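Just so you know, the protein sequences line up as chains A and B, in that order.
Sequential numbering from 1158 applies to the first sequence in the numbering used here.
Sequential numbering from 78 applies to the second sequence in the numbering used here.
Everything labelled a hint here was simulated from the structure, so no lab data went into it.
Just so you know, these numbers come straight off a predicted model, no measurement behind them.
A hint or two may mislead.
Straight-line Cα separation of at most 27 Å, DSSO-like style, residue types lysine-lysine; simulated pairs [to be verified]:
| # | chain 1 | residue 1 | chain 2 | residue 2 |
| --- | --- | --- | --- | --- |
| 1 | B | K262 | A | K1249 |
| 2 | B | K251 | A | K1221 |
| 3 | A | K1202 | B | K150 |
| 4 | A | K1249 | B | K251 |
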Amino acid sequence: MNTFEFVRPAEPTAATKFAAQAKTAQQGADVRFIAGGTTLVDLMKLSVENPTRVVDINRLPLDKIEGTADGGLKIGATVRNSDLAHHPAVQKDYVVLSQAILAGASTQLRNMATTAGNLLQRTRCMYFRNTAMPCNKREPGTGCPAITGANRMLAVLGTSEQCIATNPSDMCVAMAALEVTIHVQGPKGERAIPIADFHLLPGKTPERETIMEPGDLITHVTLPPPRAGSKQYYVKLRDRASFEFALASAAVVLTLDGGKVTHARVALGGVGTKPWRSPEAEAALAGQAATAANFRKAAEAALRDAKPQSENGFKIELAKRCLAHALNIATKDR
Amino acid sequence: MGNDLPSSPSNPTRREFLFRSGGTAAAGAIAVCAPALATNASASGDPPAGGADSRNIEGAVAVTLRINGKDHKLRVDPRTTLLDCIRETVALTGTKKGCDHGQCGACTVHVNGRRVNSCLSLALMHDGEEITTIEGLGTPEALHPMQAAFLACDGYQCGYCTSGQIMSAVALLKEPCGQDDAAVKELMSGNICRCGAYANIVAAIQKVRKNS
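Work out the full structure, taking the sequences as your base and the hints as a guide.
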């Protein structure tokens, strides 16, 4: 690990000032915020992240969960994943978020990992994590050995010729289905970004993963007011029963009226290069009867544009079944 | 979990022996692995009393860690993880380094009462925080109930993961967790045991739960 300057600002404004001097807020950033450390310290040990300045944001007043004026919920950037998952308001009105967080990592990691850190979680692609290998995300222009190599865990949706790395987050999948807004404070002021616009597709610039610019600090996330009677569920399929990244996962948020779907939000994990909201599945569900056959049609629609690689073609059928299962469980009377 | 014999100059503990060997070896493995410890030992000829001497580390930063109820005023390189600080600087070696990447749980300690992977945390992030390691749970004469249960249930073979398992298990009893074995297994999944003592570890945890 390269050495770095460690600073602990007292106010968010001071934190953004420290970070604003960075060349980039993306891969290769010379200034990094540290909260839980579960991604950053890991990648610094691997020399994938090499910041010369680390800004500790753990003592900033960004660790609260509180109600918003419109009946939604405001979640601070440094709220630990375990606190978020077990918060009474989340368990009551946004249970899919609690389920997704608790399906990820281990208790120790959830006690450390934060809301903002999880939003910025890096891929587990083994080529990205290994500096002995080329990787367009880590070192633009060096190539993507995953496309012809070990790609069983990698993405089938949103891939490009340059990168097929999977976004590993569970939390973000539920947040995509819940349509959260991410609040950022930066040198130019404050911005509110819908989660659908926060993560970027790899395209020709896989080193750019989010809209974050130097000095940008996520301060909090807001959840919209809960929809009365909404049915929510998160299903995660993986190689082990626990403490493993998803091969495929699905978060669904549905409202029914007389057996018909009046509102549907669907997102997939483990199969996309970003947390994968599926407007195709949502359109296929809208106004339709809540039946297994219609759920399967929605799943077909969600994976219509999926592109298999040499080892991960199985994920397409797996993700379809995962989504159909999530829809079936969510709408079953319990 | 100490069962070491009392040490004396003619009967050093294994760790003291390693410190001394490292201090005198020209290029021994110990000297390579733990240069700070070796330097300390060779300078004084005695085993280090409070761990590595970091006064001469370039760029070291002051931090106070409260470990097992005792304040340690330290100067550490900013790169030092909480795990390395506990083991190498403070010389509390009950906490183990397994994978060093948050995947095995051997390094589990409590920070402000919650279990964390100390390998993925920087020591400087914990200035003034309350840290509990396996040494802070019980003593050989007065074991923590979870330590006693691991012994009674044979919850280990080689013992390398055990301090992490016990730190997780103690924390688990205060966390939202179901009563059945499946719930315990789920919440213990961050602690890997290569010997496969899992069934006995679950039994030990359930034994303490039932008695509490």
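Given the hinted pair K1249/A and K251/B, is their Cα-Cα distance within 27 Å?
22 Å, holds
Need the status of pair K251/B, K1221/A: alpha-carbon distance at most 27 Å?
22 Å, holds
Decide if the proposed pair is consistent with the structure: K1202/A and K150/B, CA atoms, cutoff 27 Å inclusive.
Roughly 26 Å between the alpha carbons, so the hint for K1202/A and K150/B holds.
Hint check: K262/B vs K1249/A, CA-CA at most 27 Å. Holds or violated?
It holds: about 25 Å lies between the C-alpha atoms, which stays within 27 Å.
Against the hints set out earlier in the document, no violation occurs for any number.
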